[in-house]
Amino acid sequence: MGLSVEAVSVRYGATLAVDAVSLEVPTGSVTAVLGPSGCGKSSLLRVVAGLERPAAGRVAVDGRDLARVPTHRRGFALLFQDGQLFEHLTVAGNVGYALRLRRAPRARREARVAELLSLVGLEGYDARLPATLSGGERQRVALARALAVEPRLLLLDEPLSALDRGLRERLAADLHEILHTAGVTALLVTHDQEEAFAVADRMAVMREGRVVQQGSLAEVWRRPVDAWTARFLGYAETLEGEQAAALRRLAAPEADWSALALRRSAVHLDPEGPLAARVLEARLDPDHVRLVLDVNGVGRLPGVAAPGSAVRVGERVRLSLDPDRLASLPRVTA
Amino acid sequence: MRRPFVLTPRPHHRPRRGTPLRALAAVPVLALVVTACGSSAGDDAAAEADTITLATHDSWAMPEEVLDAFRDETGIEVVVQPQGDAGTLTNKLVLTRDNPLADGVYGIDNTFGSRAVDEGVLAPYDAALPEEAEQYRLPGGERELTPVDFGDVCVNYDRTWFEEEGLEPPRSLDDLLDPAYADLFVTPGAATSSPGLAFLLATVAAEGDDWPAYWEALVDNGAKVTAGWSDAYEVDFTAGGGGGDRPLVLSYSSSPPFTVPEGGDEPTTAALLDTCYRQVEYAGVLEGAANPEGMQQLIDFMVGEQFQEALPDNMYVYPVTDVALPEAWAEHAPTAETPYAVDPAEVAANREGWVREWRDLVSR
Amino acid sequence: MPLTALGLFFAYPVAGILLRGLRPDGAWELGAVIEVLARERVHRVLWFTLWSAAAGTTLAVVLGLPVAWALHRLRFPGRDLLRALVLVPFVLPTVVVGVAFRQLLAPSGPLGGLGLDGTAVAIVLALAFFNVSVVVRTVGSFWEGHDPRREEAAAALGASPWQVWWTVTLPGIRPAVVSAASVVFLFCATAFGVVLTMGGLRYANVETEIYLLTTQELDLAGAAALSLLQLAVVVGLLGVSARARRGSGPVARSPRPLPRPGVRHLGVLAWTAAVVAFLMTPLVSLLVASLRRGDGWGLQNYAALATTGEGNALLVPVTRALTTSLTVALQASAFALLLGTLVAYLVSRPRRGSGAAVLDGLFMLPLGVSAVTVGFGFLITLDRPPLDLRSAALLVPVAQAMVALPLVVRTVAPVLHSVDDRQRQAAASLGAGPLRVLRTVDLAVAWRALLAAAGFAFAVSLGEFGATAFLARDDDPTLPVVIYRLIGQPGAENFGMAMAASVVLAGTTTLVVLGVQRLRVGSAGAF
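These protein sequences, in sequence, are chains R, P and V.
Each residue of the first sequence is one higher than the one before, counting from 0 in numbering that gives the first Met the number 0.
Each residue of the second sequence is one higher than the one before, counting from 0 in numbering that gives the first Met the number 0.
Each residue of the third sequence is one higher than the one before, counting from 0 in numbering that gives the first Met the number 0.
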């Protein structure tokens, strides 16, 4: 069961921010709503939290309609991008906030706070004030605070976007770990596909107020619904029409796609490969040499070479295509 | 409260000026700028000869034409500086004795006059007074103060109300204790209002040392005490602006002409002339004035015909000389024949004690 | 610079008059002080001052907070008009409001049945009446633009709206609430006209006692003793309030548009309506009185404003007084804003610690010390060149600016204080000079508060009476001075004109404040 959002629309004046969105978040899953900023994903989250009244549609948990349930009775928890810690309370005060609301006995509260702080890796921070914490620590406190009451649903609004990259990656892994340890059902909205992939196990892609695709991570990743989605998910290039047909003829005659999305690493340097190309650009990054190639009969494509290879611009090379690093696209967008 | 830290006004615009203001407090900074601009009134020595500064109470309301006439006559420009009610004015002058605020003063009355004289604030000046004005001189003074005008503080009553009720209005102070007039009288307080103080003095004059007993009886008979004149007259008095529920109020003998209704020719109120206390207002030259001669000329002008004639219409007081009164005054604002009086020296000696005792009586 | 000015123009005169009281003949006479402080009456007065001010402050805060929320956290038609209307009580002369209030409460008035006339309850009500707008303004402008997500996070964690209010919202706005409350307390504790008018003579506070002792009895020793007492109370209060404001961190602000009111806001809206009704009742009674002429109704009282009144009560027509008032108010608010922003900027610098608190307190002192004390001190200390300021005419706007100054500081400082210092550092690192940082970071956040403060200062100046009457040249009185004269004279026409002039004062204030609020729409995009 879990959370189900059925044909929810949100309207701000004349603009339709969320347009008949339906979404499932099965119990125990972490579902990410991925979309560029302004796509309506935050409005959707606010509707689920009960902070926004939908113009149409309904939100239900385990089949029970939440329309008349105010935010504070929904049994959810909300985690914002910048934590929104209560500055006047200590770390322990923040984490124990919801427990205090429920009049949990002091001893139990303290034990739970200690447990949660250790879960998020902040043992001994009890007495600190939020103003003295780093960005990552603040988010951990916010997470502990959200988890304190074992919410039926945890709502995460770009939880890691405000952090720097290294911290974000570490915390994303931790978050995934923590959410699964705690067995929490969570809905995450983000514009960052890495964050979505690192934390979630299900995904819905939103664009201009609509959900264009949803399913497990693998499903969505394997079968992006269109070129825009593929690019948004992190595919480096999409091909269609003549270009796609030419590439299939040359590199994968047995395949059946008519349009496809390529990861950068799908095309790689291979002296035995079926494709011939001229190197237009070559740049080293930690994992490989990133190339821009002019492929005979196909045209300009991104590609990679092994880090050690000495590829020079202008050099003629041979390439092959890795079928595991591409996705066929079901239809062609206009 | 912030700004208007002000007592309610006194009758006939005798407002008790607000307390200066806490702002003054800080008048700071700008003051610097101001002085830098050099626009301070007192220190332009060149203009000194033909300028005088006159400290007054807040009720000063002489039209410019009158002072223009004085300037045309003498070449002296008068700068008027209101400094508060009569008490505040007097106390300011006492405090600034060593470096006077102005050249002369107008508005010290016979309840504060002795203090000003005793503190040596004033320089003697024996103005030539017409004979009929001699009676208003401050008894016991050395001619430091020249009487300019007077007003009679009297109980007023609402004629219409008494006619409608078929009740005879009271006549004397003692009548106010009659149960027939229970809960009908309102008066501003002696501590906070100058007519209120005058009324207290009237009872002192009438009852002598027994005045506290009179006041106890007055309060027991339902008399109401307000802070200022406008509270009493405009809120509680039946014939005032607010339409209150008390037909007897302490005000002035000059108040009734203001209650002539539109289209009518008889006022709806009248003063009880047997309850009056006379307030006389004086002018004087300040000791240490920069331009004492100019001020002396102004005092002569103030007891002259033009100024005296302008007094009733503009300042709501009676002239001390025999000039013609406005028609409505002559008809509806007679003065008391034998007003109550207390010797100024006695007032000076006992005022604080009386007021304190009075305050304790009415605030029980 | 501000400190020098404060010392010279505040501390020096106050010290001067206190010394005159304590050392009348060059020798200390502390016995007199002890004698005064031992008087039973003084104890009663002190007790009344404290409890009436505390009650007035509490009531003003309780009445004002929901209104601040409704007028600064919601968006609905007519909101700006309401914001302006709420300010009106603040500018009306005490004497007029006192009369209007008493007309309602007197036994013959519409609310006479409550039996409140002349009671302490009436005093407290009137104190709250005057000061609700301080709370609404100060707290509202701080509150406006607060990121609501902190409260949303709390709600999602299971906090009911009431719990959100107590555990998150209130602590978040605490600096502004404490700030407003301490200003209001000072106003209430030094209230003068209200206490006398509403309480008859049964009640006295320290301020009225000092007034009587100084201006009527010339008992300088007694006045000095009470002034010292007042000073002690004020310093104590400022200490407590500085402590209570400490420890609030930066506040996140969100550009999200404010919500429109909905069903769940009914309670707050009803409360706001009730408070506005409370504030408007005396004004409505003024309006009614201004339209009454004899037994009929009409606009004659307004027509008469172009004249000098019955029996020539005034030296200038009311219309000219209005022009004077507007001119003076313009100068005063410009000056108050300039100086107030400077002080606010200084006290809101981070890491100034207790230095800033002391500075802030110093500039609040003038509000808490009896105006009589300062005014008389002024007379005897600043009386000789180069500082003979007793009669300089330009002092009127300056003096009014000084009344408004603490309000400006208290409106702007909490907002500036809530700016995350890292934003300034970021701007500086991007190559912005100090002035540019000020403009692009501080001003960007504080412009709302600045505009609120400007409206405040203007309104204060329009309604200011004490300073104006104390300093104004007689031939150029401001509107409140004229109203005061009119109501101090018998005659139906004068009373009617006083009422009409008060309505004009209220109306002008509303228009000006409304205009200032409109300005902000244009300037919002500039930053």
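Read the hints as simulated data drawn from the structure, not as lab findings.
All residues carry an ideal CB built from backbone N, CA and C; glycine is no exception.
Watch out, some of these pointers could steer you wrong.
[To be verified] Among the chain V residues that face chain P by a calculated CB cut under 7 Å, a handful are:
#: 1; residue: V98
#: 2; residue: L378
#: 3; residue: T380
#: 4; residue: Q424
#: 5; residue: S428
Outcome of the hint check:
1. Look at V98(V): its Cβ gets to within about 6 Å of chain P, closer than 7 Å, so that hint holds up.
2. The interface hint given for L378(V) is met, as the beta carbon of that residue sits about 6 Å from the closest beta carbon of chain P, less than 7 Å.
3. Residue-level restraint check for T380(V) is violated (minimum Cβ-Cβ distance to chain P is 11 Å; threshold 7 Å).
4. The beta carbon of Q424(V) comes no nearer than 31 Å to any beta carbon in chain P, farther than 7 Å, and the hint placing it at the interface is violated.
5. This hint is violated: S428(V) has a C-beta 35 Å from the nearest C-beta of chain P, more than the 7 Å allowed.
In summary, the structure is inconsistent with hints 3, 4 and 5 from the numbered list given earlier, while agreeing with the others.
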